[in-house]
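Q: Fit chain B to the known structure of chain A by using the hints.
Going down the list, the sequences are from chains A and B.
The opening position of the first sequence corresponds to residue 1 in my numbering, with each subsequent residue numbered one higher.
The opening position of the second sequence corresponds to residue 1 in my numbering, with each subsequent residue numbered one higher.
The reader is advised that the hints may include incorrect statements.
What the hints assert, rightly or not - Derived DSSO-like pairs: lysine-lysine, alpha-carbon spacing no greater than 30 Å straight-line: (1) B/Lys-335 - A/Lys-952; (2) A/Lys-207 - B/Lys-215; (3) A/Lys-958 - B/Lys-19; (4) A/Lys-955 - B/Lys-335; (5) A/Lys-495 - B/Lys-19; (6) B/Lys-194 - A/Lys-958; (7) A/Lys-202 - B/Lys-19; (8) B/Lys-194 - B/Lys-215.
To be verified - Facing chain A, from chain B, some residues (calculated, C-beta under 8 Å): (9) Leu-12; (10) Thr-189; (11) Arg-259.
Stated by the list, open to error - Covered stretches of chain A, going by a simulated chain B footprint (3 or more residues, C-beta under 8 Å): (12) 134-143; (13) 203-214; (14) 654-660; (15) 740-747; (16) 768-781; (17) 814-827; (18) 898-910.
It should be emphasised that the hints constitute simulated quantities derived from the structure, not laboratory data.
Glycine included, every Cβ here is placed at the ideal spot set by N, Cα and C.
One letter stands for each residue in the lines below.
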Amino acid sequence: MILFQETNLKFKMSLEITDQYLQREDTLATFDGLVECEEPNNRLDKFTGTLFWRNTSFPLDADKILLRGCVIRNTDFCHGLVIFAGADTKIMKNSGKTRFKRTKIDYLMNYMVYTIFVVLSLLSAGLAIGHAYWEAQVGNYSWYLYDGEDFTPSYRGFLNFWGYIIVLNTMVPISLYVSVEVIRLGQSHFINWDLQMYYAEKDTPAKARTTTLNEQLGQIHYIFSDKTGTLTQNIMTFKKCCINGQIYGDHRDASQHNHNKIEQVDFSWNTYADGKLAFYDHYLIEQIQSGKEPEVRQFFFLLAVCHTVMVDRIDGQLNYQAASPDEGALVNAARNFGFAFLARTQNTITISELGTERTYNVLAILDFNSDRKRMSIIVRTPEGNIRLYCKGADTVIYERLHRMNPTKQETQDALDIFANETLRTLCLCYKEIEEKEFAQWNKKFMAASVASTNRDEALDKVYEEIEKDLILLGATAIEDKLQDGVPETISKLAKADIKIWVLTGDKKETAENIGFACELLTEDTTICYGEDINSLLHARMENQRNRGGVYAKFAPPVQERFFPPGGNRALIITGSWLNEILLEKKTKRSKILKLKFPRTEEERRMRTQSKRRLEAKKEQQQKNFVDLACECSAVICCRVTPKQKAMVVDLVKRYKKAITLAIGDGANDVNMIKTAHIGVGISGQEGMQAVMSSDYSFAQFRYLQRLLLVHGRWSYIRMCKFLRYFFYKNFAFTLVHFWYSFFNGYSAQTAYEDWFITLYNVLYSSLPVLLMGLLDQDVSDKLSLRFPGLYIVGQRDLLFNYKRFFVSLLHGVLTSMILFFIPLGAYLQTVGQDGEAPSDYQSFAVTIASALVITVNFQIGLDTSYWTFVNAFSIFGSIALYFGIMFDFHSAGIHVLFPSIFQFTGTASNALRQPYIWLTIILTVAVCLLPVVAIRFLSMTIWPSESDKIQKHRKRLKAEEQWQRRQQVFRRGVSSRRSAYAFSHQRGYADLISSGRSIRKKRSPLDAIVADGTAEYRRTGDS
Amino acid sequence: MEETPQHCLSRLPDNSALKQQELPAHRLYFTARRVLFVFFTTGIFCLCMGIILILSARSTQEIEINYTRICANCAKLRENASNFDKECTCSIPFYLSGKMMGNVYMYYKLYGFYQNLYRYVRSRSNRQLVGKDVKAVEDCAPFKMSDNKTPIVPCGAIANSMFNDTIILSHNINSSVQIKVPMLKSGLTWWTDKYVKFQNPSSKNLADEFRGTTKPPNWPKPIYDLDKKDPRNNGFLNDDFIVWMRAAAFPTFKKLYGRLNRTHHFIEGLPAGNYSFNITYNFPVTRFQGEKSVVLSTLTWCGGNSLFLGLAYTVTGAITWLASFAMMAIHITLKNKQMSFFHQ
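Same shape as in the complex, but just chain A (with noise of 0.2 Å):
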C-alpha cells in the first residue's frame, strides 16, 4: 500500500479469520460482526479496535485497516468494511483548513482605503457645511442664481455632500484593485519564466502558482522547511561500512593501498547487480569474494535477510519496495555486493549467496518501530540453525550487546567517523538461539500477539527478551545527500535576517547532523535540547504568575530574554516535547471534566472559569516557547507530525506577527505549506501532494534565495513603490477640486473637464506606474543576492506603512496646492494676449489638467530607478497622448457633432497658444518637482539606506563583480577538466575557447546560463 504517493510500501494484511470465511460474495453478505473502536483521530500510524464476531473478539490495529487515500499494490481485489467516512478519516482529520491567502500589504491597503473613505466623507462633509453656509451668506441673495428651487441653505448643503462624494470619488483608488492584480500577475509570470530557477535535469521550470502573494515574497521572517527531499534529495546510497572493527568505503584497490583517483568498483561479477552503486573500496570485493573473514559475508547476508523490503521482477529485473528509502538502500547494496534477496514468502526468505539460491525459514520478524529504533529477524537456517539477526540505532544495540564483543570499541570510533561525515549510521548484530529457548520464548509471542489490550507494550516486552546478548557485526553508513546549494541557501538567507526552522519527522541524531551538514549548525553553536529549556520556561512561567497570575498580559508586556545576548544558540525540540510543553495533554484533562455534568450554578462558574484560566496559561506557555525558540538563530523540530508542523508554524504566526514561509516536498508537509502565510513546493521525489498545495514550487532548495532575495524582494518595492505613487497620484489629482471649491461656493464645480476626470485614471497616467511596478529593479539581481541585507527592508515593512502612506498623502496634497494656487495666482489678473477671454473656467481647467499630467508622468519618472525605453515610451508616450486626445476632443469638428459632449471646444488652441499660460504650466511642474528632487538627494546623502549606497557604488562592485567571475571560471576550467575530459565522447568547445571569440559577450548564450547555475553549485558542493 502507498499513502499519497509516498513511495514506500507499508504491509496490511486482513484478519485470517475473516480472509478465511468471507471469500465469498454471500458470505460477505451475511457477515453480522461488530467493530468497536477509537474515535476518529489524525494519527496515521496508529489504529485500535476489536471485531466481535462470532462469540470471539478479535484485535484490530493499524496494519490491518487501509487508510483513505491509499494505493494498493501487488493485490488484485480485497473486501472491505468501512469504519469512517469522509471528514473522519484520518487523512481528513490531518488536512488543516485551505484559507484564503492574502498578504500584508493586502490587509494594509484595506485599511488605508477604508481611511481614504473616512476623509473623503470628513471633507465632503465640512464642504457640504461650507455651502450651506455660503447659500445662507451669498448664493440666497444673487439672483442670477435663482433655480426655481425653494430650498433652504441647509438642505442645498446636504445635496452637495454627494455632490462632493461623487467629484472626491477619484480619492479612493478604484483602478488600484485592478492594477495590483495586474503588476501581481506580471510578477508571476516572471518567476515562471526564470531561467534560473529552471532545473534542466528534471526539465521544471519555477511556478508560481497563487498570483496574490508576490509581494510578501519580500517580507518573510521565519522559513519553515522540511528537511527530506527538501534539503536533503532524498536519495539513499551505501557509503561506507564497518565490519568487525575494519571500515571500508575509502578509495582503495585490492590490497588495501589508497588512492585518490580510482575507478568505482567493477560489479560485473554478479549477475545481480544494478550498476548504480558507486563504490571505490576494492578491497572489501577483495574480502567478499576470498571469504577470508566470515563476519564480511555474514554482514552482507544480514542486510539481505533482515528487512521488510518487498520485491517483484519487472523484465526479470529485480525491484524492490522499501518501507524506507534507507532500508531500500542497504538491501540493494546487499545485492549488489552478491547478497541479492530474491523473494519472500509469508515465513520463507529466498537469497542468492554469491551465485548459490538458498531459501530460509522466517519464524518472526520483530519490527521497527520508532521507541525500538530496530528490528530484527529470526530465521532457521536450512542446516536447522536458529539465528536472530538485528540491525537498529546504535545507542540501542549497544545496550543489548554481549559483554564479550572484541570489536565494540573499534565500532564506536567507526560510528564516530560517519557521523562526522553526516552519513547515516545503523548497527548490525545477530545470535544464535537455541531450539528449546526459541519454543519457550515462541509460546510467549504468540501469547502477545493476541492480546486485546496493550498489544504493543506486551509485544515490545517479549521483543526485550529475545534481543539481547548480541554479537555485533558492525554498522553501515549511508549518506542522505544534501541538495546542492543547500549550505550556500541557508547561509544567504541567515544573512538576510530570516530565521529557519527545520521541522522534520526524522530522529534527533540525523536531523542534527544534517543541521550540521547544511551549515544551519555550525561548530560555535550552543545546542540547547527540548529538556534543557524546561527549567527557563517554567522559572518564567514562575515569574509570570508573581507578577500578575495569569493576567499578566494585561501588565504592561515585559521584554527580557531567556538567554545572555550575543552568542549563537540552536534549538532541537522533539515532538512530543512539544506536546507537553504546550499543553495539549491538559486539553484532554479538561475534557474529562466536562464529561460529568456540573451540577449546580457555581458548580459550572467555578469550571469555566478554572477552563478559562487553563485556556490562559496554555496561551502564556506557548508565547513563551515562541519567544523562547525565534532567541535562537536556528531550531530543529524532530519526530514532528504533520499537524504539529503546521501547529509550530501556527505559533509562530501568531505570537511572532511575523510573515512564515513554508517548504517542503512531501505530502506530510501539505498542512504546513497551508498554514504558512506562504507556501513552498518542492517538485521531487515524493509526488505532487505537496506542490498542489502550495504557492510556489521549484525543484531545487536553491531556488529560494533566488525567489526570496530577488523576486520577492522586487516584488516588494515594486508593490511598495506603486502603492505609494498611485495614492499620491489620486490626491493630487482630486484635491485640486477640494482648493477650487473655495473660488465656486463650495458646488461641487469640478476643476477639470469631465472627459479629462474620466480618462486620466486610465489612459494618462496609468501605463507609466504599471510598467514602474512591473519592471522596476533598484539594484540588480546580482547584487541583491550578494548583498541579502538588502532584504531587511521588507520584513520591517520599511517602504510601505502608514507613515507612509501618509507622507505619499501629504505629497499629493501639497502637489494639488501647487497645482491649484500657481495658476490660481496667474490667472486672477491676467488676460489673454489678445485681450480676449481672460481667465476663463475652461482655460483654467486646460492649465491645472495640463500641469498635473506632466507633474505626475514626471514624478513617476523619478521614482522608477530602473529606466528602460518602455518606461521612458510610457511616460512620454502618456503625455503625448494626453496633448493629442485634448486637441481632438477641444476641435471644432467633434463640437458640431456633438455639441453637448464636448463642450471645451478650442480651449486647448487658444489657452496653449499663451506664452503666458505654459510659464504657469512650467513654474508650476517645476515647483512641485524641485523639492521631491532635493528631498530625496539629501536623505541620500545624510541617511543613506542599504540600497542607496549599493547604487552609488554600483560600477565598482559590476567592475569587481567581472574579475571574480574571470577568476571563477578560470578555477572551474582547471577542476572540471579532469571529469570532463576522461568521459566526453563529443568534440568540446576547444576551438571556441581557444579562438577566443564569443566567450563572455553581453549576454551569454542559453546554456551557459543554465550551465553556469549549476557549475556554480557543483563547485562549492564538492569543495
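A: Chain B only, in chain A's frame:
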C-alpha cells in the same frame, strides 16, 4: 553539467531580455553632480524668466474704476426688481495722466459674481447655441421654457444673467468738446467661439428663425435685436453675448467689452487727458455684495498687468539657488564619511 539534448527541455523558459528581466536600462540615480546641475540651471532660468516677466508686466498700463459706489443711486434703484424699466445713467469722469500707447482694451470687471457655480455653469444649451436646433433647451433648467411653454432662446441661467450695462468712453478735450472714443465691438472672442461654437440658424432673417421662441425673462429685448446697428453682430453671434457665455473661473473676473478703434485722434492709443465713462446702469450687484468696475488696459506678449507670475518665478529661482548652495555644502561635508562605506 550533463549535456541534455535541447529538444527534451519542453518547458524551458525563453531566454529573452524581457522575460529574464534584463532589459537594457538606464539606472536613475541622483548623483550630486546631476542634481546640483539641474538646480543651478533651473535657478538661473527662473530668475531670468522672473525678471523678464516683471519688466514686461510693468510696461503695461491699467486703469480700473469701480463704479458700484460712485453710481450708488443707480445701484439702489436696481435693488428693487420692479424698477426694471426705469433707465438710470451715471457718468464717471477721470483723468488719464499718461497716454496709453498701442492697443487699448476695455473690460468690465465683476467682483463676487459666481459664474463658476456648478448649477449656473451647467445651465446652458450648446446644441441651441450651435444653431442646429434653437428649441433644444434640455440642459437649461430653470430657464428652459417661459410660462406659456415656449422655449427660451438663449436658454439657461448664464444667458439670462447676461451683463447688460452699456459703457461709453468719452474723451473730454476741453470742457465743451466731448469726443466719443471709438470702440470696436468685434474681435472680442476666440475665433473658435465665433465660428464654431456659436452659430445662427441661418443668416437671412433672424427674427423668422427665432419665431416660436421667447426671450430670457431678464432680457429687455430678444436675441436677434441685440445689436441694431450691425446685423452681423446679432443673434448668437453677438460678441458681448459670446464673451459672457464663456464662464469665468473665479468669482472675480474681467470680460472684454471693447477694443480701441485706432483711428483719427486715437491712432497711437489713448492720449492723456480728461475722460469720462457714461454708464447705463442695468446690472444689479449690490444685493449679493458684488461690485462692478471698468478697466482700461494695454497688453504685452505675456498678457496683462499681472506681477504674480514674475514674482513667483523670481522667488522660485532664488530659493532654488539657495537650496543648491545648501545641498552642495551638505554634500561636501558628508562626502568623506560616505567614502568609508566599502572599507569597513
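Q: Taking the earlier hints as the rules, which of them does this structure contradict?
A: 2, 6 and 14
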